[in-house]
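Chemist: Chain by chain, the residues:
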Amino acid sequence: MKETHRFIVDRHEEALTVVEVDGTVFLDVPRWLLPGATRADDVLAVTVEAEADRTVVTLERDTAATARAQADAAAAVQRLKRRDPGGDVRL
Amino acid sequence: MLTALLCASLLAPPGDSAVLLIRVLDVSDARIGGDAILITDSAGATGRHVLIDASGHGATVAAYLRRFGVDTLAAVILSHPHADHYGGLPVVLNRFPVRAFIYGGTPRTLRTYLALLDEIAARRIPVVTADTGVRTVTLVTGADTVELQLLAPPPTCRQLPRNASGDAINDCSVGVRLTRGAFTMLLPGDAEQAELGWWMMAHPALLRADVLKAGHHGSANATSAALLDVVQPKAVAISANGRQHPFAAVLRLLAARGIPTYCTADAGTITVRVLRNATWTITTERAGTCHARSQLGSGSNP
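Protein chains in written order, with the numbering used here: chain A, 32 to 122; chain B, -9 to 292.
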C-alpha cells in the first residue's frame, strides 16, 4: 500500500523541524529525518510504503512544487497589497 | 487572597476609568505556544479591541476574547508568518468580525498561510501591508487615542526569506510601538538581533518604551543588553510556551538590571493596565516567578 503526502517546512527548532502536513496540521519531526538541504518553505514529497513488519518512508525535496508554491505565495501577497491604500490609518 | 485579587482584576469589565488594557494572553497550553496579545481601549461606551497574533491555537484565543467581552476586533495584526503566531487566526476570523488586517507582507509557501490570506481577501477585510518605514494606526475610542506605530521589517522580507535555519522569518516581524499619552509599550514580535539592530539604527527613538514584550518568547537572540540600553523598559512581559522558553540568559540579564519580569508560562495572562493619567500597573492571573526552560544562550526556536 503506497501513500503520498506533502510536507511544507515552517521552521527549524534546534533538533526539531515543524512541518505542515497536507495543508492542515503541524507536526514536529526530528530534523535528522529530513533531507540535509531542507530549508524553510520547502515542499517535501512524502511517500509511504507500509507492510506488515516495516514501513518505508521517503522524503524528497520537490523543487518544482516549491517553485510553484513560491509563485503562489508572491501572488497572494501582491493581491492583498493592491487593496492597501497606503499611508496612516485611523480606526 | 492575592491570587484572588489578581484574578478579579483580570476579570473586571473593561468600562472602568477609561482604562487601556494590554493583555499578554497565556497561550502556553497550545502545543506550540506562540503569541497572542489583546489591546482593549475602554474609553468609549464599549471597549475597542486590537489583537496581535493568535498563537497556534485559535480556540484558546477565541475563548479569551469571549471572556474579555470582545464582539468585534478593530484590527488584527500579524507580527510574522510563523504558525505559532498565525495558526489561530482562521478560528478568530470565523468567530469575530475583523475590521482591518495588518501584516508585513512576507510571502510563505505554507498552504495554511495562503488559505489565511485568501480568507482575508474573500471577506474583503481592509489590509495594511506594513512593509516599508513606519505607518501609524490610530485607534480612536471616545475622547481617547491610542497610537500603534508599525515598524516594518527589512526590505529583504518582501521576498521569500531563504535561510537554512528558517530564522529569517523571525527577522521579518512587524514591530508595534503602542503609545497612549505618556505611556509606551514595545511589541517586537519575534524579531531577533538582525532586525532589532536594523530598527535600532533606523528608528532608535521609537524603541524607547515603559514596557517591553520580550521578543521571540524570551530567547537570548531577541533580548540583549544593547536592546535594553535603547528600550530602557521598566517592566518586561514574556509570552513563553513553558518548554523551550524563556532562556536562562535573558532572565539573568533582566534580573541583573532589576527589571520586573512576568512570564505567561508561570503567571498566566499578564495584564498591563494604563489609566488616563498614564499611570500603569501590571497584574498577573496567578502568582508565579519566571523560570527558565532553556539554559541556551542563543537559539533558533520559533
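These are computed hints drawn from the structure, not numbers from a lab. Among the clues, some could well be false.
Computed Cβ-Cβ distance ranges for the label pairs, DEER-style [said to hold, decoys possible]:
1) A:THR55 / B:ALA184: 39 to 49 angstroms
2) B:THR269 / A:VAL79: 33 to 43 angstroms
3) A:GLU45 / B:ASP19: 41 to 51 angstroms
4) A:THR94 / B:THR36: 48 to 58 angstroms
5) B:THR62 / A:ASP103: 22 to 32 angstroms
6) B:ALA105 / A:ARG85: 44 to 54 angstroms
7) A:ALA83 / B:THR62: 31 to 41 angstroms
8) B:ALA184 / A:GLU80: 19 to 29 angstroms
We treat Cβ as the ideally placed atom computed from N, Cα and C, and that holds for glycine.
Chemist: With reference to the structure, classify each hint as holding or not holding.
Modeler: Structure-based check of each hint:
At roughly 32 angstroms, the beta carbons of A:THR55 and B:ALA184 sit outside the given window of 39 to 49 angstroms. For the pair B:THR269 and A:VAL79, the beta carbons lie near 60 angstroms from each other, so the given range of 33 to 43 angstroms is not met. Taking 41 to 51 angstroms as the suggested C-beta distance range, the pair A:GLU45 and B:ASP19 does not conform, at roughly 21 angstroms. Remark: the range hint 48 to 58 angstroms for A:THR94 to B:THR36 is upheld by a beta-carbon distance near 52 angstroms.
Checked against the given bound of 22 to 32 angstroms, the beta carbons of B:THR62 and A:ASP103, roughly 31 angstroms apart, stay inside it. For the pair B:ALA105 and A:ARG85, the beta carbons lie near 35 angstroms from each other, so the given range of 44 to 54 angstroms is not met. Taken as a hint, the range 31 to 41 angstroms is violated for the pair A:ALA83 and B:THR62, whose Cβ atoms sit roughly 55 angstroms apart. A hinted range of 19 to 29 angstroms for the beta carbons of B:ALA184 and A:GLU80 is inconsistent with their spacing of about 42 angstroms.
Against the hints set out earlier in the document, violations occur for numbers 1, 2, 3, 6, 7, 8.
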